[in-house]
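Visitor: Residues per chain are reported as follows:
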Amino acid sequence: MDSKLQALEILKKQPYGVMGTVDGDKPYARIMTFIHDEDLTLYTIAPVHSNILKHVKHNPFTHILYGYEDHEDDVFLEIEGQVEQAEDTEKAMAVLQNYDRIHRNSFNEQHHVLLKIKPIRMRIMHTTRNEPLEVIIH
Amino acid sequence: MTVEEHIRLVLDRASIGTLYIVQDDKPTGRYMTFKSDGATLYTVTDKDSAKLMAIEKNPNVHIILGYQPGTEYNYLEFEGKVTDVMDDQLRIKMRNFFRSVFQKEAAEVTLLKIEPSVIYLHTQDGSPAQKFVLPIQ
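In the order they appear, the protein sequences are chains G and Y. Anchor point for the first sequence: position 106 equals 106 in the numbering used here, and the numbering is continuous, going up by one each time. Anchor point for the second sequence: position 69 equals 69 in the numbering used here, and the numbering is continuous, going up by one each time.
Since the hints were derived computationally from the structure, they do not count as laboratory data. Honestly, I wouldn't trust all of these hints.
Okay, derived cross-link-like pairs now, DSS-like style, lysine-lysine, Cα gap no bigger than 30 Å in a straight line [said to hold, decoys possible]:
1) K57/G / K51/Y
2) K91/G / K51/Y
3) K57/Y / K118/G
4) K13/G / K51/Y
5) K26/Y / K12/G
6) K26/Y / K113/Y
7) K113/Y / K131/Y
8) K26/G / K57/Y
9) K54/G / K26/Y
10) K81/Y / K131/Y
11) K57/Y / K35/Y
Remember, predicted model here, so these are calculated numbers, not experimental data.
Construct the entire structure; sequences and hints are all you get.
Guide: What follows is the structure, encoded as C-alpha cells:
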C-alpha cells in the first residue's frame, strides 16, 4: 500500500489529534477534532475568541500528532502543516458532527471559525520501529 | 477533592503524553514517556539530537499528559521549562526507570527535567479547565 493510502487509513482511525502552535517563543498544544480530504488536507474548528486562532494568525505553522492509541505496536502520523482560515459551512458542520460523536458535551461556541491545514510534511511513525516513513503528499 | 489531589491522581495513573517545543520558530511535538516527582516531570530523549539543541536554545515546553478518549479520566496540560538535572542520585534513579522502559543503555539517552509554571486540570465533560499556578522556582 502506498504511503498516502497508509496515511489516510490512520486519519480514518479517529477524528482527533493533538495540534501544536507557537505564541511568541512558547509552544502550545490542545486536542482538536478533525475531518480530512482525500488529498490529506485537514480541517478543524476553533472558537472566534480562542488562543489557537490568535496564535495561527501570527504564526501559521502547526505540528499535529494523529492516531496514537497507546497500543504496544502503534502507528501514528506526525504532520507539519500551514493553517489558514476557510469558509465552508459543510465542512464546519462535519467537524461539529465529529466533535459531538467523541465528546459528551456539544461544542458550546456558536461563533466558530473553520481552519484548513495544508500538510507540508507527513511522516508515518511506528512506536516499535525507529525509521519513520515519509508520506508522498502530492 | 482539591485540584492538587486530582492532579496527583492523573500523575500517578498516566505516563504517556505529548511534548511540544519550538524549533526554528515552528511548533514540534512528539509522544514521550514521563515520570513525575512532585510536580516535576522527567523524560528522556536521544543524545545529541536536533531536538536537544532546540531545547537548549529555547527551553519552553508544553505537555499534555494522560488524555484517554472514551474514558472519563481527567488529563493535564503543563506549561513549563526544561531545566538541568542537578541531583546525581535522582539522575541515577530516573535513568534506571527509563532504562527499564526503553531497554536502552543509559549512556544513549539524555534525561530532561521539566519544571511546570502552570498546570491545567482538564475533565472530559466539557467544564472549563482548572488552573493551578506553581510558585516561581
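Visitor: So, for every hint listed, does it hold in this structure?
Guide: We went through each hint and held it up to the structure:
no., hint, in the structure
1, K57/G / K51/Y, "25 Å, holds"
2, K91/G / K51/Y, "35 Å, violated"
3, K57/Y / K118/G, "28 Å, holds"
4, K13/G / K51/Y, "29 Å, holds"
5, K26/Y / K12/G, "26 Å, holds"
6, K26/Y / K113/Y, "22 Å, holds"
7, K113/Y / K131/Y, "22 Å, holds"
8, K26/G / K57/Y, "12 Å, holds"
9, K54/G / K26/Y, "15 Å, holds"
10, K81/Y / K131/Y, "17 Å, holds"
11, K57/Y / K35/Y, "24 Å, holds"
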